[in-house]
Each structure stands twice: as structure tokens, then as C-alpha cells.
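J.: Single-letter residue listing:
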Amino acid sequence: MPDLLEQIAEAPADHYRRLRISSLDGDQLVELSQRMKLSLSLEDMRAVQSIYADWGREPTDVELEVIAQTWSEHCKHRIFGATIEHTIDGRTETVHSLFKTYIYTVSKAIMARKPDFVLSAFHDNAGFIKLDDQLAVCLKAETHNHPSAIEPYAGANTGLGGVIRDILGAGKGAKPIASLDVFCFGAPDTAPENIKADDVIHPLGILRGVVRGVRDYGNRMGIPTVCGAIQFDDAYIYNPLVYCGTAGVIPIQDIDKQMTAGLKVISVGARTGRDGLHGATFSSAALDTESHEADQQAVQIGNPIEEKKAADFVLEARALGLIEFITDCGAGGYSSACGEMLEEVGGEIILDNVKLKEEGLVSWEIFISESQERMVLAVKEESLPALRALADKYETELTELGHADGSGILKVKHHGEMVCELDCTKLHNAPVRRMKSIWETWERRHPAGVSDDSDAGRMPALPGLLRKVISDFAVVSREPIIREYDHEVQGNTVLKPLAGASGDAPQDGSVIRIDGSDQLMAMALSLLPEWGKTAPYEMGLACVDECFRQLVAMGANPDRIAILDNFCMGNPNDPRELGALVETVKGIAAAADAYSAPFVSGKDSFYNYFETKDGPVSIPVTILVSGMGIVEDAAHVVTGSLRRSNSVVSILGTTGGDFGGSVVARQLGGLAASVPGTDLAANLALYRKYYEAVKAGWILATHDVSEGGLAVALAEFAFSGKGGLDLSLDTLPVDGQPTKLAQLFAETPGRLVIEIAPEHREQVAAHFAGLAYAELGTATDAHANLRIEYGKEILLNEPLSELKSLWKNGLAPYY
Amino acid sequence: MEKRPRALLLKFPGTNCDAETARALRSVGFDAEIAPISTVNRATLDGVRLVVLSGGFSYGDYVMSGRIASLVTQLRIDGALAEFRDAGGYLLGICNGFQILTQLGLLPAGSLVHNTSGRFQCRWVTLENRAPDSPFLRNMPARFEFPIAHAEGRFVTTDPATAETYVAEGLAALTYADDVNGSFARIAGMQDETGRVFGLMPHPERFMRARDHYDPDWSGAEQGSGHYFFQSLFEAIADDQSKGASV
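The listed protein sequences derive, respectively, from chains A and B.
Just so it is clear: in the first sequence, position 705 is 707 by our numbering, and no numbers are missing.
Just so it is clear: in the second sequence, position 195 is 186 by our numbering, and no numbers are missing.
One should not assume that every hint holds.
[Said to hold, decoys possible] So the derived label-pair ranges between C-beta atoms look like this:
1. A/Asp635 <-> B/Lys234: 41 to 47 Å
2. B/Trp209 <-> A/Tyr816: 29 to 35 Å
3. B/Ser29 <-> A/Asp27: 58 to 64 Å
[Said to hold, decoys possible] Here are some, though not all, of the chain A residues that point toward chain B, as calculated from beta-carbon distances under 7 Å:
4. Gly224
5. Lys311
6. Arg485
7. Ala503
8. Arg645
[Said to hold, decoys possible] Which chain B residues stay away from chain A? Per the calculated CB distances, all over 10 Å, these:
9. Ser29
10. Glu74
11. Thr107
12. Val147
13. Ala168
14. Asp169
15. Ser223
In short, the hints are calculated from the structure, not lab data.
All values reported here derive from a predicted model rather than from experimental measurement.
Ideal Cβ placement from N, Cα and C applies to all residues, glycine included.
Could you put the whole structure together from the sequences, leaning on the hints where they help?
T.: What follows is the structure, encoded as C-alpha cells:
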């Protein structure tokens, strides 16, 4: 069969072609989209056809590629903008854009309530919040899932490299100061025969490759990787998730940037090659075995030193006032970066100026190549000599690409010919997708309720169960991985990911000192994909709560917290999967609104499903909530580990009886149970009160209660080795009548365990009077056990050294 | 006002601890300036009292760590650092800087190779002060902690006996209290025979304040141990200056 592309190519030039699409029928349009790997639907292709019919001409291949990049899910977030007919428990509602309805509107309302806190959100490469009168901090997280599935090392490597460039491209160039990484993998001990597809890399291979990829980029860039998480679930065997995030700092005066006619457009950093073609459109489609063979071209190799040189250049150029506008070269390469810069002002890009890694690239390849380590800047012509000198100083390459001209048209020239001439404002109206989603709540599916009275009959002995839970992959120490990351470079990591008197106890996040300020930035994150399998709305609530709670626990002001939403899901065309996404979005929005913690940035990743021999496997809807909070004084920083052996240990927050999604439920073989709800109003009142206690200096240490429940939180609290714990659950604040199992292992949100010096005992009790607060007991040097009583019964009396050994060494055999 | 002694931090592509090292030097009284290697020539060293090679991954360290940086240094200012030392100047190499100084032959013969674990490791270690008279260590206690963060920090010599000799002669100025990376004789830091050239794998610039310690109740001293390390050096150089020594 003759090649469609050859058939419709007009006057073929060797570097670009004009394509006759006006006469193509639906099947041919789809064929063309597939042939060019545009990832555009029939509806999209018809829209393109009609745009060109209006213009009375045919598109060039460069223009089609630009439109495909612009309209890709990766760049345009078309599912978050779709009109969704959502049916929840039989009631149908119409959501006009998830993003606008739940993320944007909620955040804008919070910003209006809190003027002068968020300085920039949603429109730049990262959102900024105010640190003090001079400085602002920002955070951005991205996923790099498909590349990491195919080539774990390079995929994760460039994933981190990309998000670092987002920070360098935020404002007029923010300084990257800390990174986070979050992974979702299959279990490290997955039996190879349980992987039901060819060419899928075993979770261990993914884990090792991804960690090394993050390590080698972050460490070489000199940005501490301070925060992270790993989730293990069989559903991630085929579609591992790799989230990378980076925080930055910038002078407030350098946040706003403007494009104006006359500015020169320059590129700084690496050269352009055939690597990374079609990354944006590739990541907007599902994986299958063939992806592993065919799409290698879409995965690039990172060169952190190239990026480090560009970063040194950018930061000094910004400090010298030489940058008017900057953005990173990410998905879509120059086409996205220049397109973003010139979409309103218009201008001209000369592809002949682009420095290439290899000869022979055609126009569209140069324009959309996603070769790494490139930044695009707009600068005044008179600044060029100083910028060239700076490029020489840092041994990076500066290339003049073109200029902004005020025409409103994006013009791209190559070999003297106009290969692209687009009015970008005409491209904003990509067809709005119409989708259907459906969800049924737990209560609807279990109208009679399910007994979770599992204490009776099947409950194993508590000491053994604690050992199982603390050895679960969800709980065990990430130390082997954390040690491979330089989490102290830049010399500002005040609260380290592993700390406490022993230097290896888990913390709730990290706190970073900011040069030039007395205030600090806390970073934390949460994801609970297991919850979302049955209760996505509750997952959304709990993730925001956990992230927020961790930030407050470490000493952040609850009124100065901003969060990010990063979604991953399987097949959005499956109404039930999309329904879970809609419910998750509602959950995070409700919690963000209640806590007045605005979203300042977010991203989404779709099509994380895989066609196995046994049919398609989708990931559960996975939301990562990450956040930054301002710690106003270094004295407010609270560690997550016990500091004394004569202190009082108390709990804040109410324990409920629901087990759904918990580690213990998984250990007991999938206990059918509902997922805990989150009492947002009660929690916020508690957090505010807690923050006052922190400022008063009454809190010695605080640890959040999360995966594994209270028993695990208390054990981890004492892993600093300062003393044993003598505790009783008799006065534990409860909701209903939770069983002993629930009291020890339920993962009810909203709880913190705190350590108080004996001299502040009365003050603290009075301070929390009327709220969910109770003394559980004391730290002691009389023994080194975790001893928990309930009534006259000793539930647990376990040597902490033994528990710590299980926890500390759980991952070591695999990494 | 008395002139603050000048410290120059050489920066290679991939050097990434220069900012915090300059900050540490300034905090104890130095006038510190970062000089990208592309801007460096012999004249750059005029008036400088201390040259610092800070941590990072010069040129990516894809071949033996510090190798390319040492070759580029030779290319640009061959012999100048040795002359600088001979004229009374001080040289400090931290982590990658230690690797570079070793490659340049400015420290006693040895190599810094991959840790026996085969892994990068970021953790705190206890160090033993084996050269209490060193200008770099004279304010330091017999044992103290610094963080390490390296993949290639295993100090080896052509035979283990040489490393033992370095310890016996006091050239191995710092040793690890425990075996952390397989270094012969647990060597963590070296000085040359003049005592003015010093290299160490740990990062003193990351422990300037007591609060930088992982234990919030650390009470070893009012400031972090790194403060006293840089302060030792500052005092030594200030002493030289007041005695009228010149470079």
C-alpha cells in the first residue's frame, strides 16, 4: 500500500513538506495522525482540517507537529479540561473542566482570602509563595512514567533534569534548592512468572535503575534530594510511576516576566539532536510490548553537567538583570518553548541558527526535538555581549534563535523558506472532549455494612502482627535509597530525611534553610493509592490532610502552606476509572478549601495502562499531594524522633475504627473495610492549636501517624534510641468504639504523636483542653521496649531494637 | 580596617559545593571569591592566601574522579599551585577537591577510588584528628563528626603499608573512626609535608551551625564542627599575615 504521507506531500523539499490534508476523509486523517505519531484523535484532526480550510491553505509538516505538541494531553491537559458527565451513586452531574471547577476556582478563592501569600500560580513553570519581604519559594513536580518504564535509568535521570529546568525557567530563573522523588513500583519480590507480558522490566530493575537515575542527576547538579516516598503494588508492575519535584527560591522582584517586541530569543545549554522526538505525544498514549521496541527514540539520555553549566549561567544572568523572559525546553522542545514565548507577541525563529548534535535533521525534527539541557531566554539586544561573556565563563553554548516582532504570528524559517507560520491564538481552542464517568461509594456498594470486627476469631497475636506491619514494604525504612542521594549539598538541610539522636530515624519531611532569610521552607508529601481503590474521595481528603499535617508537624505555619496536585491514572476512557479520578479531584479540592491551602501547580499523567496477555492492567488512580510550608523561625523546627527518656508522650487527633486501605488490612489478606474519613474542621483546629504550642516552645518532637497506624508511629518515634515507651490506650480519643486492632493499626488521618518536656505537661494539657488530646504515657530509661497497655491487658511489650532492625533492614536485601 | 585574607575557590563545570563553601569561609572572616576555571590564569592567584577546590562532580567525574579537572588545571596554570604553596599559600580540597589535589600530585601519593560498597553514600561519620598541630585542625577536638557524600572516597595507596606510614608520619591528618568506605588505614583526609595543603572527603562546610547536626540535641560545642575547622585555618593565615609572611 502506498504511503499516505508520500501521497499527500506537495512539492517535497528535502527539509520540510506541505501536506494536502483538505481532501482527506476520516480514516485517512486518523491514518495520518498515526503515521506521523501525532497522537491526535479524529475529532482533533477534523478541527485541524477546518482551521486550514478557513485559512485557505494546506499545513506544513512542521505546523502539524507544532499543533500536535500544543494539543497533546501532556501540554494541554485536555482531560482536565473536558466536559464530563459524572454519575455518582446514580445521580448525574456535569463537570465543565475538572481543573477550572475544582483546582483553579478553589485556589483562586483561597488566594483572595489570603492576599499577599501566593505570588504566582498556574501560569508559570512553577507557583511561588512569599517567604519574606524579599524572597519567594516555589515547588514543581512532574511525572516521567513512560520513559522510566522503558529505560528506568535514563527516564528517571531526565525526569529530574526536566523538573529542575522548570525551576530554572520559573520567574526570571529561580535557584533550585531541594528535590523530592516519589515512586510507585511492583513489589521488589514479584515472581518473574507473574509478569504477564514480554519485555517488561522486573520491578527490581525498575527500582534500581530509577534510583540511580535520580541519584546521578540530583547529586551532580548539587541539589539535595530531601524528600520522597515509594509505594509498592502489583498494579504498578507494567506502569511504574516516577514523580520528580524540585523547589526553588527567587527574589520577589524577579517573578514577573514579560515578552515584548524586539527582544532576542536565545537558547542556552546543549545542542539539538534526534533524541527525544515525540516525547510529549508518546507520553499521551498507553504502553504495550511494542512500546519497548519502537519508542526508544522518545527516551533521552541526560547530561547533568551540561545542565549545571546552564544553571550557573542562568542564575548569574538573572542576578545581573540580563533576563527578560525565560522558559525551559521540555516536552515539545523549541516548538513549545518558543511557542509559549511568542504566542502573543509573535516573532521569528531561524532553524539554521540551531546548533545540532548531528547533521541532516529536517525542520520539524529540529523544532520539536526534546534534547535535554536547553533553556530558552528572551533578552535585550544590548545584553547580548554580557550574556556571551557569561556563557564563555561557564563554558556553555549560547545560540541566537530569533526575535520577537509584535506580529502575533509564530514564524519559523529554515534554508530561507517559511516552514511554519501560525497564529497561535487560533490554536487555543482545541476541541473540548466530552467524557463519561461513573462512581459508586463504599456505602452504596455495601448498603448493609461490612463487619470489620476482625478481632474475633481470625486476629493473630498483636506482637506478631506488629512485626509483620513494620516489615511491610509500605513501612520499612528507605535508608538504602536515601543514603545514595546527597541530601545535604548546599549545606541548608536543617531537618534531614533521616535524623534523631541515632541519625537514622524517619522524619515527616524536610526543612531547608534559605540563604538570605531567617525563615525556612518545609517540604512534605503524601500518596495513598490503596485508599483510592475503594474510596477515591476519601483518598483525596487524606492525602491533603497528611501532607498538610506533616508540614505543620515540622513547624510550618498552617496559614502559610501551598500544595501541588500530581495525578496519574490508567485509561480515562473507562468511565469507572475516570469516575475515580473525578472523586479524587473533589476530595483534594474539599480538603484544600477547608485548610485554605491553595494549589499553586499541578500535573497529570494518563494512559498508565498496559495490554498484557491477560488483558489490560491499569494503575489505580494515584494522587501525589506535595507541599511547601513556611517555618518562620529556626527554633520552630520540630524533629520526628523522641529526644528524652523522661518526657511525656501524647496524641493529638481522634482514632476511628475504619481499616480500609491500611497496611494491616493488606497483611490480614484484604480486610473488606471502609476507608477512614477525614474530619477537616476538627483537624484544622487541632493543627492551629498545635502550631501555637510549637511557637511557645512546648513541643520537643512530633511524628505523624500514617501507614501502619499508631503502633508503628510510636515505634518509629522511639527509633532515635533515647528510651523505651510506657503507654496506655485507656484515654485514647476515639470515634465510636474502635477495636484494639483499630486502636493500634487503623490509619485514621489527623493524628500526631508528640513529646513534651515534663515541665510543660500541665500547660500543654490545658492548651489542648476540649480538643482531641490525651497523654498516652511517658518515655523511660527503665527499659527499651514499646510497651502499650489497654485496661489491664498488655497489648505490646516489644524490644525497640528488634522492631528497628526489622524496619531498618526491610528494603536492604533488595536494593 | 585590617584587610581580610583572600580565598579563591576554583570552580570547574560540575563543581557544586562552591557557594556554601564560600559562605562558610566568609562566616569566619575570609574574603572569598569563586573563579570559574575558564577565567583563571596565573595572575588570578595574586594576593590570594587560600585556594579552595570545593566539592562536586568536576566534568561529571565520568572518568576517574578529579582526573579531567586536574588536567585542565595543568593546562591553564601548570605549576602555579605548587609555586603558590611554596610561597606560603594554603590549599584546601574538599571531597572532589581532595580528589583533584591528589590527582595533581599536591598531596602524598594515593588514589581515591570507588567505595567498597560500590555505592554513593551520604551520612555522618566520626573522624579522628591525627594532626592536632595542623593549621586546619588546631582548633578541632580529638574526635568530631562531619557528613560525607561520595561514591569515590576510598583512599588507597600502591600497598597498604604506605597508608600506614602516612598515619605514622602524621600525613594522614584525619581518619574515620569506623571503616566507612574501605579506605586504607581508614584515611579520611591528607596533608602534605608543609602542612599547608590539605584534602578531606568529609564536608566541613555542611556543619557550620550546631543545628546542622542530625541530632537536635547535639551539644558538642556552640557552633558546628565545620566552623572550628575553617576558623583554625583563618587564624593560621591571619597569624602568618601578622608575621609578615607573603605569598
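J.: What hint numbers does the structure not satisfy?
T.: Number 9 - this is the single hint that the structure violates.
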